[in-house]
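Enquirer: In case you want the letters, here they are:
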Amino acid sequence: MTPRLIALTAVFFGLLAAVAVPLGRYIARVFAGENARTARVLGPVERLVYRLAGVDPASEHDWKQYAGGLLLFSLLTQGISYGVMRLQGSLPFNPTRLPGVAPWLAFNTATSFTTNTNWQSYGGESTMSYLSQALALSSHNFFSAGVGLCVAIALIRGIARRETTKLGNFWVDLVRAHLYVLVPLCLGYALFLVSQGVVQTWAGPAHWTTLDGAAQSLLRGPVASQEAIKMFGTNGGGFFNANSAHPWENPTPLSNFAQMFSIFAIPAALCVTLGEMVKNRRHGWAVFATMTLVSVLAVAALGHFEQVGNPALTHAGADQVASALQCGGNMEGKEARFGIADSALFAVVTTDASCGAVNGMHDSFTPLGGLVPLLDMQLGEVVFGGVGAGMYGVLVYVLLAVFLAGLMVGRTPEYLGKKIDSRDVRMASLYILIPAFSILLFSAVAVLTEVGRAGIMNASAAEVPGAPWHPHPHGLSEILYAFTSASANNGSAFAGLTAYSAAHPVFYAVTLALAMFVGRFPLIVAVLAIAGNMAKKRPVPPGPGSFPVDGGLFVALLLGVILIVGALTFFPALSLGPIVEHFMQR
Amino acid sequence: MKLIRPCLVITAFLLLVCCLAYPAAVTAVAQVGFPRQANGSLITQGGRVRGSSLLGQTFADNAAHPEYFWGRPSAASVDGATGVVYSSGSNYGPLNPALHAEVRARVEALRATGVTSPIPVDLVTTSASGLDPHISPAAAAIQVPRVARARSMSEAVVRALVAAHTEGSTLAVLGEPRVNVLELNLALDAR
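Taken in sequence, the protein lines are chains A and B. Per the numbering used here, residue 1 is the first one in the first sequence, and the count goes up by one each step. Per the numbering used here, residue 1 is the first one in the second sequence, and the count goes up by one each step.
Incorrect hints may appear among the rest.
Covered by chain A, according to a simulated footprint, are these stretches of chain B (three or more residues, beta-carbon under 8 Å) [to be verified]: (1) 120-126; (2) 150-160; (3) 166-177.
Far from chain B by the CB rule (all over 12 Å, computed), these chain A residues [unchecked claim]: (4) 6; (5) 104; (6) 193; (7) 194; (8) 195; (9) 257; (10) 313; (11) 329; (12) 332; (13) 364; (14) 448; (15) 571.
If you're looking for bench data, these hints aren't it; they were derived computationally from the structure. The C-beta atom is built at its ideal place from N, Cα and C for all residues, glycine as well.
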């Protein structure tokens, strides 16, 4: 790690811990209905909505009703998005006269945004009208984050409450998540981004003649407002094809720092919220510490490999050595204003969280540099993770850690005074196994089929002229990355992979959509089932045999479970992709 | 069904807030408070838009313009009919032979202009967006002699202009020192 990357990482996580406290406590108050100050302003609006909707905020749902409302809401909004994209050609706010989005692409994209993935099989500015960006895509940036937040809060309630079947009212939680958390945060943040140079206009493209005499058109749009929720909601779907690398989407090092920070802000705050709601602040900080440790390890590894650079570039005559006048390193697919340090931290943050925004092209990372974001996602997006999704994911790992600790010492495992039974562990196992199966099986199918391999860009066909398919580890990495990103609801890509083309409009559109769906809703149902099961239990007071869920021992155990489960599941696949590729470098 | 009504009403309400009220409020305040930034930080000279201070421009043939500083190579694509620029990186994998060949060709093109010092990596690799407005100070330094020669200016004057368009790290830890190529080239023309 260069000194600047060390300083940047230290400032980043220090500030994150500082902001997590007030924000996390505020989120806890919002979902307990105790946010008196903001409710004074927005309370009347909130109550009006409940009256119109026929919702009694005092009547709470059990886990099945909670899941039912959540699934219906997601299905309906996914349907709206699909319709808007298909019909955009005959709808307003379409200044560049784009036609309707093709059926499978629209299906893939609607699934992608509903599941908080924001995998983009299309180039933003060349495919989506303003209306589609705002109504079909931006809406889900809010909704999917709101839904994630609801599930996390319901699970924490299940852990904190005793002898009840009730987890809260889904509609109330959903409205509160938007009205009191997401929208107010985004309003201020979007304006900050504009002040840095992110565009926000409905005026259509800008035109000019370059120094070279070429007439150019650069598309603009309401980027800042979409950008704010893209980050705070850990969505990641960019307005422009180049995402947060595009200077109109992420113009300055300061806007870049804010973007990284806003990805982690709510997931980090939820650690504090957890501590508040289960009345054990030290437990919340132990979870925060575990996540921070994994992140810092990842930053150190990625920063190291990208700074060392690509030996092939040196052979080609480029100087990758850092000096006072250049950052050096592997600058292919990176922006000069960010260099190695801000690109490395961004890549880790965006893949630790299920964000998927990128400020550099992961496909062009060095082999082991590219392994880091891949492994980050394969750990299950529990290192801060998506809004809500990271918290409910890590709590599943906490249950497993506590369960294993109980097995090791031969006691009935318990978590915060509640005994863990076989139903909890079954659901937790499903939570771990479903994405792993999705990643590995879909990747295997893609590698074994002609249509799957057709999407690969960085195979070695160029080395072997005339060879239609020559196995190359980078091709496997591209495919593995795609299904990992989809199953983990991340959305970043080794973007060389062509996941949608006129020649092959179905295969990746459908398989990736399935992976995204499987990686989202079955897991949410499993989590809510755990929440319902936990809520019913009567807590027993902690005894001398209770395993403490704070302190170094717990952090080490949780860290071990996360890393071992992730590594054991994916090491064979990784060793055939990025690891082999690393040893092929000359 | 007791789920349908809340679902429809709350979806409608959230669409109204998130997709209409929120972006409209941001646009209104942005256009009043930050009109230059909100519209793309455009550079206007004599009523003519020359570009954006945030977006890089490329030359179809660098060698034809020794009098200008060259920016980073770009993998952005341009629609020939409309001139619309679509942002993009190359997405070349690290072992892709096409990447190696392109970097080698760019290094040779720079060597052909008389550069003997090491070639900074950012000047021969494509940026992530294809619209990177900056190069490293090292990449500017190796171009100073060529530009000075082509414009019959002293190297010291050109170097001073480069320094005037060099920005350091923000708050000491954020971002890399960098030179804004379009602003520098316009400043050269204005002399």
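Enquirer: Does residue 329 (chain A) clear chain B by more than 12 Å, comparing its Cβ with all Cβ atoms of that chain?
Expert: violated (7 Å)
Enquirer: Would the least Cβ to Cβ distance between residue 571 (chain A) and chain B come out above 12 Å?
Expert: holds (21 Å)
Enquirer: Are at least 3 residues of the region 166-177 of chain B within less than 8 Å of chain A when you compare beta carbons?
Expert: With 9 residues close enough to chain A, the hint holds.
Enquirer: Against chain A, does the region 150-160 of chain B show at least 3 residues with beta-carbon separation below 8 Å?
Expert: violated (count 0)
Enquirer: Can we trust that residue 195 (chain A) is non-interface, i.e. its beta-carbon lies farther than 12 Å from all of chain B?
Expert: violated (5 Å)
Enquirer: Are all beta-carbon distances from residue 194 (chain A) to chain B longer than 12 Å?
Expert: Per Cβ check, residue 194 (chain A) is inside 12 Å of chain B; nearest 4 Å; violated.
Enquirer: Taking the closest pair, is the beta carbon of residue 193 (chain A) still more than 12 Å from chain B?
Expert: violated (9 Å)
Enquirer: Verify that the Cβ of residue 6 (chain A) lies farther than 12 Å from every Cβ atom of chain B, and report whether the claim holds or is violated.
Expert: violated (9 Å)
Enquirer: Over 12 Å from every CB of chain B: does residue 257 (chain A) meet that, or does the non-interface label fail?
Expert: violated (5 Å)
Enquirer: Beyond 12 Å from every chain B Cβ: check whether that's true for residue 364 (chain A).
Expert: Label violated. Min Cβ-Cβ 6 Å, cutoff 12 Å.
Enquirer: Quick check: the region 120-126 of chain B, covered by chain A? Criterion 3+ residues, Cβ under 8 Å.
Expert: With 6 residues close enough to chain A, the hint holds.
Enquirer: Determine whether the non-interface label on residue 332 (chain A) survives the test: each CB of chain B must be over 12 Å from its CB.
Expert: violated (4 Å)
Taken one by one, the earlier hints fail for this structure at numbers 2, 4, 6, 7, 8, 9, 10, 11, 12 and 13, listed in ascending order.
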